[in-house]
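Colleague: Residue strings, one per chain:
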Amino acid sequence: MLIAKVIGTTVSTIKDEKIHGRKLLICRQTDEKGEFIGKPYVAVDTVDAGIGDLVLTAHGSSARQTNITDNRPVDAVIMAMIDTLEVDGKVTFQKG
Amino acid sequence: MLIAKVIGTTVSTIKDEKIHGRKLLICRQTDEKGEFIGKPYVAVDTVDAGIGDLVLTAHGSSARQTNITDNRPVDAVIMAMIDTLEVDGKVTFQKG
Amino acid sequence: MLIAKVIGTTVSTIKDEKIHGRKLLICRQTDEKGEFIGKPYVAVDTVDAGIGDLVLTAHGSSARQTNITDNRPVDAVIMAMIDTLEVDGKVTFQKG
Amino acid sequence: MLIAKVIGTTVSTIKDEKIHGRKLLICRQTDEKGEFIGKPYVAVDTVDAGIGDLVLTAHGSSARQTNITDNRPVDAVIMAMIDTLEVDGKVTFQKG
Amino acid sequence: MLIAKVIGTTVSTIKDEKIHGRKLLICRQTDEKGEFIGKPYVAVDTVDAGIGDLVLTAHGSSARQTNITDNRPVDAVIMAMIDTLEVDGKVTFQKG
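Residue numbers (the working numbering), protein chains in the order written: chain A, 1429 to 1524; chain B, 1429 to 1524; chain C, 1429 to 1524; chain D, 1429 to 1524; chain E, 1429 to 1524.
The set of hints was computed from the structure by calculation and includes no laboratory data. Be careful, since some hints might not be right.
[Stated by the list, open to error] Output of the computed footprint for chain C on chain B, the stretches with three or more beta carbons under 8 Å from beta carbons of chain C:
| hint | region |
| --- | --- |
| 1 | 1440 to 1450 |
| 2 | 1458 to 1472 |
| 3 | 1495 to 1508 |
From the three backbone atoms N, C-alpha and C, an ideal C-beta is built for every residue, glycine too.
All chains should be modelled from the sequences, with the hints used to inform the complete structure.
Modeller: Next comes the structure, spelled out in structure tokens:
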């Protein structure tokens, strides 16, 4: 999984019928401190995440292993909200 | 999913029989403003996208989860047209 | 799918029994003009491609969705020969 | 598989129900000497790994082929602890 | 598939039960001449490869399509030994 920050939202009227009603959020990969290190991508939300939240995203076929994404044409899913990250015994991120 | 802009078309006479009749479009990844950040790739269209449209593309096995791409040898699909992208409360892209 | 040029051939005597008789070609990713932009990789040919041909390759599990590659340990397949690529209304590649 | 070092831990209260009870560790890819060469990512532990351990991680759908990860929305798994790495006849890493 | 050279071996006592008895070799991607172009990764051997051999590796779910890797948590497999590589009509690699 990637550590990522939710940075934005998407609106799509015309889309595959299987993704109607799914919330698609713009994410960017971060490091263990929550600092951006990657390009933006879009993931389906399953944990009611909001802008600024640090989350974990699963990719590829693994993104379809939730009740919300099963058999749908999506390749990234937000499957956990991050409360705390700790590296070498020190807290590097703590949800505000 | 990747945010991408449709930039072109492909014509192929000789191809796997399972992709006959599928429209294969050339896309390039963009950021949340629609600015190019990636190399060109080819995706199957399922939403009647046109040149210049900003779209979402799903990759890998997820690209085969639509009626148009099911069981076919394709690894990228355009599964949504983007109307609006919003980052940190500001509209970064609006369909013209 | 990636746009790629076929640049070479491979010979392997010792290999998994499921790929005996499959033609494995060396490809390199190109842009929409046919200019190289990537590293070499090897794909199974399903369209009788030759050296110098511009082709499309599908990757991952999608590479196993042809009659020639089904259930075999291969992760890239040439599934179309490119006749023409057109970007923003201009032909960027035309088969010679 | 990637060679990686376990560098940290994650805590998530809100997450997909299928990953409750799974230990999610922060890893970073290393080379054959255990030197970091990649960005951090998060993998499910199946071998009781600890901070500082050198491990192997499997990715994508392969990450779901263990009893602990089967059918769950996770795309990386720690499936082996590394005792020794040897390159060109020399030991490049030995577990302390 | 990637062209790769086998550079080393791994020893793991604690590992997922499904990979017991599998030989895990350290590989590095090469170009068509056998020159290194990538980072090290670990693949399951199915062709009795040795240190210094040039091989093909298949990745992702395709790595599980051999009798030796079926349903196991591995994402890379050595599925062919390379005898000869030829680019543009010239031999670029010949097994010694």
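Colleague: Hints first: check each against the structure and report whether it holds.
Modeller: Hint-by-hint comparison with the structure:
1. 1440 to 1450: holds (count 7)
2. 1458 to 1472: Held - the region 1458 to 1472 of chain B has 5 residues with a Cβ nearer than 8 Å to chain C, which meets the minimum of three.
3. 1495 to 1508: Our answer is that it holds, as 6 residues pass the Cβ test (under 8 Å) against chain C, meeting three.
Comparing the model with each numbered hint stated earlier shows that all of them hold.
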